[in-house]
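Full structure from sequences and hints, please.
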Amino acid sequence: MTEELGRSRSEFVSEALDDEIQDENNVQASDAIKAAPEPLRLVNYLNVTALLVNLFFPIAIFGFDMLGNSPRGIYQNKVCIDMNSNLLEYAFLYS
Amino acid sequence: MINFLLQGVFVFMQLTARFRALPMVQMGVSYWYLVATLAQTLWLILLPFINDWGSLTIFIVFWLTLMGLITFQYYAPSDRPVAEYWFLKFPFEFYFAWVTVMLLGEISITLQRQNSSPVVILSVGILSFAIWFGGVIFVLLALTKPFYVIPTIIGLSIVSY
Numbered sequence: 034m035t036e037e038l039g040r041s042r043s044e045f046v047s048e049a050l051d052d053e054i055q056d057e058n059n060v061q062a063s064d065a066i067k068a069a070p071e072p073l074r075l076v077n078y079l080n081v082t083a084l085l086v087n088l089f090f091p092i093a094i095f096g097f098d099m100l101g102n103s104p105r106g107i108y109q110n111k112v113c114i115d116m117n118s119n120l121l122e123y124a125f126l127y128s
Numbered sequence: 002m003i004n005f006l007l008q009g010v011f012v013f014m015q016l017t018a019r020f021r022a023l024p025m026v027q028m029g030v031s032y033w034y035l036v037a038t039l040a041q042t043l044w045l046i047l048l049p050f051i052n053d054w055g056s057l058t059i060f061i062v063f064w065l066t067l068m069g070l071i072t073f074q075y076y077a078p079s080d081r082p083v084a085e086y087w088f089l090k091f092p093f094e095f096y097f098a099w100v101t102v103m104l105l106g107e108i109s110i111t112l113q114r115q116n117s118s119p120v121v122i123l124s125v126g127i128l129s130f131a132i133w134f135g136g137v138i139f140v141l142l143a144l145t146k147p148f149y150v151i152p153t154i155i156g157l158s159i160v161s162y
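As you go down the protein sequences, you meet chains F and V in turn.
34 is the number of the first residue of the first sequence in this note's numbering; add one for each residue after it.
2 is the number of the first residue of the second sequence in this note's numbering; add one for each residue after it.
Worth flagging that the hints you see were computed from the coordinates, not collected in a lab.
Source: prediction; values computed, not measured.
We treat Cβ as the ideally placed atom computed from N, Cα and C, and that holds for glycine.
Don't take each hint at face value.
[To be verified] Restraint ranges, calculated between C-beta atoms of paired labels, are given here:
1. V:F13 to F:A69: 20 to 28 Å
2. F:I92 to V:F13: 14 to 22 Å
3. F:A69 to V:G126: 35 to 43 Å
[Stated by the list, open to error] Only part of the chain F face toward chain V is listed, based on derived beta-carbon distances under 7 Å:
4. P70
5. E71
6. L73
7. V76
8. N77
9. L79
10. N80
11. V81
12. A83
13. L84
14. V86
15. N87
16. F90
Here is the structure:
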């Protein structure tokens with residue numbers, strides 16, 4: 034009791050200030066966590082991969098065909114047949 | 002070309018800090034886009050080497066993966082409806098609608114190449130038209146969040162035929 038009463042006013046003030054600073058630091062840290070952007074996840078990377086795959090194959094096959102290098106001209110023939118039978122399919126293949 | 006542009010917009014936006022962690026991307030699109038792309042690529046590569054029924058089967062798998070994507074997006078919670086719709090949902094609705102139209106064409110081509118009788122071709126045509134029409138009515142009237150892009154593109158394609 035004597036010890037508690039014996040604590041000086043300055044010690045109480047100092048403790049209170051420390052607590053306040055601590056609280057403020059916690060709030061700032063919490064704000065920083067909230068403000069930090071979410072990291073990219075696997076799904077985000079896979080979506081990029083999907084787009085690249087989606088772009089690559091039609092362009093590659095089209096290029097292959099244009100150079101006349103497709104196996105036995107098989108894509109070219111197929112596309113010609115499809116052009117005659119269904120223009121939409123051709124448009125889709127090389128859209 | 003429009004499909005690729007729209008998908009490019011989606012891929013760019015889903016990389017941004019604002020959209021990357023949203024349920025519409027993580028739960029809605031999830032792995033469906035990659036699976037759909039792989040199915041489409043498989044179909045594209047195998048197209049000349051397999052018979053029409055094989056081609057049609059792979060195409061139906063491709064169509065179903067896109068339908069899975071659209072369905073998961075439908076049930077994904079959305080905080081910013083307008084931005085999420087145009088950047089994250091619209092590209093896939095457009096893609097799905099286009100592939101649906103293509104599926105109609107694929108069925109028709111397969112039957113024609115199999116030298117099916119006119120009665121069979123006409124019957125399948127009428128039946129598929131009825132199914133698509135039912136589907137259009139369903140997505141427009143039966144859902145709490147109707148799809149407008151899919152019926153529009155299917156309707157335009159039918160008119161253009």
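To see whether the hints hold, each was checked on the structure:
At about 21 Å, the beta-carbon gap between F13 (chain V) and A69 (chain F) stays in the expected band of 20 to 28 Å. For the pair I92 (chain F) and F13 (chain V), the supplied restraint of 14 to 22 Å holds, since their beta-carbon distance comes to about 19 Å. Evaluation of the 35 to 43 Å hint for A69 (chain F) and G126 (chain V) yields a failure: the beta carbon distance comes to about 57 Å. A hinted interface residue such as P70 (chain F) counts as satisfied when its beta carbon comes closer than 7 Å to some beta carbon of chain V; here the least separation is about 4 Å, so the hint holds.
Because the beta carbon of E71 (chain F) sits about 4 Å from the nearest beta carbon in chain V, less than 7 Å, this interface hint is met. Look at L73 (chain F): its Cβ gets to within about 6 Å of chain V, closer than 7 Å, so that hint holds up. With a cut of 7 Å, the hint placing V76 (chain F) at the interface with chain V holds, because the nearest CB-to-CB distance is about 6 Å. Interface hint at N77 (chain F): satisfied, since its Cβ lies 5 Å from the closest Cβ of chain V, which is below the 7 Å cut-off.
Nearest Cβ of chain V to the Cβ of L79 (chain F): about 5 Å, under the 7 Å cut. The hint holds. Taken as an interface hint, N80 (chain F) checks out: its beta carbon lies about 5 Å from the nearest beta carbon of chain V, inside 7 Å. For V81 (chain F), the interface hint holds, since its Cβ comes within 7 Å of a Cβ in chain V; the closest pair sits about 6 Å apart. For A83 (chain F), the interface hint holds, since its Cβ comes within 7 Å of a Cβ in chain V; the closest pair sits about 4 Å apart.
This hint holds: L84 (chain F) has a C-beta 5 Å from the nearest C-beta of chain V, less than the 7 Å allowed. For V86 (chain F), the interface hint holds, since its Cβ comes within 7 Å of a Cβ in chain V; the closest pair sits about 5 Å apart. Taking 7 Å as the C-beta contact cut-off toward chain V, the hint placing N87 (chain F) at the interface holds, the least distance being around 5 Å. With a least beta-carbon distance of about 5 Å to chain V, the hint placing F90 (chain F) at the interface is held under the 7 Å criterion.
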